[in-house]
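A.B. asks: Just need the whole structure built from these sequences, with the hints factored in.
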Amino acid sequence: MTPDEYQQAVRDLARSAAMPEGVAARMEGELQRAFEGQGVPMPARPRRAGSLDPATVLAAAAALILAIGAGLWHVRQRSTTPNDVTASVALPVPTATVAGLKPRPAESAAVTPSVKPRPAKRRPLPPVIQPAGFVPVPTAARLPQFESGLIVRVALPAAALPSYGVDISPAATDQPIEADVLLGQDGLARAIRLVNTSRSQQ
Amino acid sequence: MTAEPREQASDAALMAGIAAGDRHAFADLFRRRRNDVYRVALLMTGRPATAEDVTQDVFLAVMREARRYEPGRSTVTAWLCGIARNQARRQLEGENRMVALGDGDESGEREPASMPDPAGELAAARQVEALRRAILALPIRYREVVVLCDLQELSYVDAAAALDCAVGTVRSRLHRARNLLAAKMRHGEGVGTAAIKRCLA
Chain A
1 MTPDEYQQAV RDLARSAAMP EGVAARMEGE LQRAFEGQGV PMPARPRRAG SLDPATVLAA
61 AAALILAIGA GLWHVRQRST TPNDVTASVA LPVPTATVAG LKPRPAESAA VTPSVKPRPA
121 KRRPLPPVIQ PAGFVPVPTA ARLPQFESGL IVRVALPAAA LPSYGVDISP AATDQPIEAD
181 VLLGQDGLAR AIRLVNTSRS QQ
Chain B
203 MTAEPREQAS DAALMAGIAA GDRHAFADLF RRRRNDVYRV ALLMTGRPAT AEDVTQDVFL
263 AVMREARRYE PGRSTVTAWL CGIARNQARR QLEGENRMVA LGDGDESGER EPASMPDPAG
323 ELAAARQVEA LRRAILALPI RYREVVVLCD LQELSYVDAA AALDCAVGTV RSRLHRARNL
383 LAAKMRHGEG VGTAAIKRCL A
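Residue numbers (my numbering), protein chains in the order written: chain A, 1 to 202; chain B, 203 to 403.
I should point out that these hints are in silico values taken from the structure, not numbers from a laboratory. From the three backbone atoms N, C-alpha and C, an ideal C-beta is built for every residue, glycine too. Among the hints, erroneous ones may be present.
Simulated coverage check for chain B against chain A, where a stretch passes if three residues somewhere in it have a Cβ under 8 angstroms from a Cβ of chain A [claimed, not checked]:
# : segment
1 : 224-237
2 : 241-247
3 : 358-365
C.D. replies: In structure tokens form, the structure reads like this:
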């Protein structure tokens, strides 16, 4: 191929590598919608088969389950040690919770076993947790920058939330909490958003 | 003060508009530069589907990062091509696969051309296809300079900005890349006009 033929072939190749009009129109529409919705996490755009293969999804799910398990194990380990009370008290507790809550029966029994705990009065209680929007998980700081991903809705025990960087009342260890977990392009969790913040302590 | 008509606005002015939240500026930049981005992605990955993903990712990045564009450092096209190149490399590394040369044939999307000289047209088409295959067979560091400098016609300075390397590196890689291409074309399936004419005779 002579230099002239090379130049001609390069020009022809460049011309043939244009984006098909149908694709361009669809993509422009999607991007415009995303532009208007900036500030809101991008919904996962539909990818073709192969872009996010089942192995990646399974790996992401496995990583999520392991993280939840590790969080639960950590919380349970703490709850069985003598330092448990101190650790629980050290957690950030909303002022309203401190003012309004009596010790739970289990805690009272642990301190004074012979005293019969009084039944707790039913009263409106503050929400267990009150974050709005996505909160970065602590491990996200060490991960590559988020580019694209997907949101997975899960039900987590409230006790697992501190491992995701979400503060909870120490009394709310058994509450199942629905949350959206934002997974990055590598399947690892970047942020968490609580779906139902109106659940109260029982 | 009258606003500059958008169709005459420079790419840099559109970027400033995007940074300020102007969705029309974003639409204009997309229409103006989508083919540049798509071409880089397609010729680096060899797959139309991946090229579409890369193009969309690039313009999502423009949405988020328009404020970070520095007009004095490179042209908008070079900046976009740099993002496309990085995204394409990431896709290739993530997929951990060789480019399938036979995949993504776009022949169905091409307009049939009138052929006053069928043999010559066919030979030219064969050469274009051979060139495409030869480019995709290049090691990635050579492939990207050919795509940016020869196909995208970026200056060496802009290509260096897009690749985040020295201008001298661009020159030397391009020289090496063209030699590799020439060798691949010689030993590949390149069929000249004369050979085609012999077949048709």
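A.B. asks: Evaluate each hint against the coordinates.
C.D. replies: Comparing the hints with the structure gives:
no.: 1; hint: 224-237; result: holds (count 7)
no.: 2; hint: 241-247; result: holds (count 3)
no.: 3; hint: 358-365; result: violated (count 0)
When the structure is compared with the earlier hints, a violation turns up for hint 3 alone.
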